[in-house]
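One line per chain: the protein sequences are L and G, in this order. Residue 110 in the working numbering is what sits at position 107 of the first sequence, and the numbering runs on without skipping anything. Residue 60 in the working numbering is what sits at position 56 of the second sequence, and the numbering runs on without skipping anything.
For the record, the hints were derived by calculation from the structure and aren't laboratory data. Careful, some of the hints might be misleading.
With a straight-line Cα cutoff of 25 Å, these simulated DSS-like cross-link-like pairs (lysine-lysine) come out [stated by the list, open to error]:
#	chain 1	residue 1	chain 2	residue 2
1	L	Lys12	G	Lys109
2	L	Lys60	L	Lys73
3	L	Lys73	L	Lys17
4	G	Lys104	G	Lys56
5	L	Lys60	G	Lys104
6	G	Lys104	L	Lys73
7	L	Lys86	G	Lys109
8	G	Lys73	G	Lys7
9	G	Lys7	L	Lys60
10	G	Lys73	G	Lys109
11	G	Lys56	G	Lys7
12	G	Lys109	G	Lys7
13	L	Lys86	L	Lys60
14	G	Lys104	G	Lys7
15	L	Lys74	G	Lys7
16	L	Lys60	L	Lys74
17	L	Lys60	G	Lys109
18	G	Lys104	G	Lys73
19	L	Lys86	L	Lys17
20	L	Lys12	L	Lys73
21	L	Lys12	L	Lys74
22	L	Lys86	G	Lys104
Pulled from the structure, derived: some chain G residues nowhere near chain L, Cβ distances all over 12 Å [what the hints assert, rightly or not]:
#	residue
23	Pro11
24	Glu18
25	Thr30
26	Gln49
27	Pro80
28	Leu105
Note that CB positions come from ideal geometry on N, CA and C, so glycine has one too.
One-letter residues, chain by chain:
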Amino acid sequence: DGGITQSPKYLFRKEGQNVTLSCEQNLNHDAMYWYRQDPGQGLRLIYYSQIVNDFQKGDIAEGYSVSREKKESFPLTVTSAQKNPTAFYLCASSSPSVTGRYEQYFGPGTRLTVT
Amino acid sequence: DAKTTQPTSMDCAEGRAANLPCNHSTISGNEYVYWYRQIHSQGPQYIIHGLKNNETNEMASLIITEDRKSSTLILPHATLRDTAVYYCIVIGGSGGSNYKLTFGKGTLLTVNP
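Required output: the full structure, derived from the provided sequences and hints.
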């Protein structure tokens, strides 16, 4: 089945540690995105990538880093510089040339808790 | 991208139609109206989108007023599994950011048995 996978579903880390969240898609989508969601809030865009080896900062990129070495993968690293890393992280992908331009497919999310 | 206004929460009886409103009075002529929903602790799910005309798919119908300043998402026969936060997003146009979706707080729809 085609889709987006994020692992793990729950992640616990100590403050000061970097942590990498996985996002893989087999939809052959060109574009991928990372969002952050805090309790009771909407989603905020962290980074996005329209093609391999290229990515742009979203609205809240500070303290995060990404890479896009393969079309299928878009890992997100939460660095120790991120002041409030505890949140629900969502990965998404889209293929504007195929589906609706703003139709994004989301993964199940990773809930990160940093103590 | 135009700003949207949605009620914080709504209730609906199971089996009845759920009508979720969205105001977007500053929408420009080439901006789309997109609807997503998010079931608790899951990723958002695309529902439907439209530009000027009313749209219908297997999940819902979208009614856009003639002046395009507001729209209504209709779930014709709501079920308990439709309980979710529904997001109305206006995006596109010449000044819009390519591919970036801006999610507000949305409307929490609770379908009651």
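Quick rundown of the hints versus the structure:
no.	hint	verdict
1	L:Lys12 <-> G:Lys109	23 Å, holds
2	L:Lys60 <-> L:Lys73	18 Å, holds
3	L:Lys73 <-> L:Lys17	29 Å, violated
4	G:Lys104 <-> G:Lys56	21 Å, holds
5	L:Lys60 <-> G:Lys104	11 Å, holds
6	G:Lys104 <-> L:Lys73	21 Å, holds
7	L:Lys86 <-> G:Lys109	23 Å, holds
8	G:Lys73 <-> G:Lys7	11 Å, holds
9	G:Lys7 <-> L:Lys60	21 Å, holds
10	G:Lys73 <-> G:Lys109	19 Å, holds
11	G:Lys56 <-> G:Lys7	17 Å, holds
12	G:Lys109 <-> G:Lys7	12 Å, holds
13	L:Lys86 <-> L:Lys60	17 Å, holds
14	G:Lys104 <-> G:Lys7	14 Å, holds
15	L:Lys74 <-> G:Lys7	32 Å, violated
16	L:Lys60 <-> L:Lys74	18 Å, holds
17	L:Lys60 <-> G:Lys109	22 Å, holds
18	G:Lys104 <-> G:Lys73	21 Å, holds
19	L:Lys86 <-> L:Lys17	13 Å, holds
20	L:Lys12 <-> L:Lys73	22 Å, holds
21	L:Lys12 <-> L:Lys74	22 Å, holds
22	L:Lys86 <-> G:Lys104	24 Å, holds
23	Pro11	15 Å, holds
24	Glu18	25 Å, holds
25	Thr30	18 Å, holds
26	Gln49	7 Å, violated
27	Pro80	21 Å, holds
28	Leu105	6 Å, violated
Hint compliance for this structure: hints 3, 15, 26, 28 are not met, and every other hint is.
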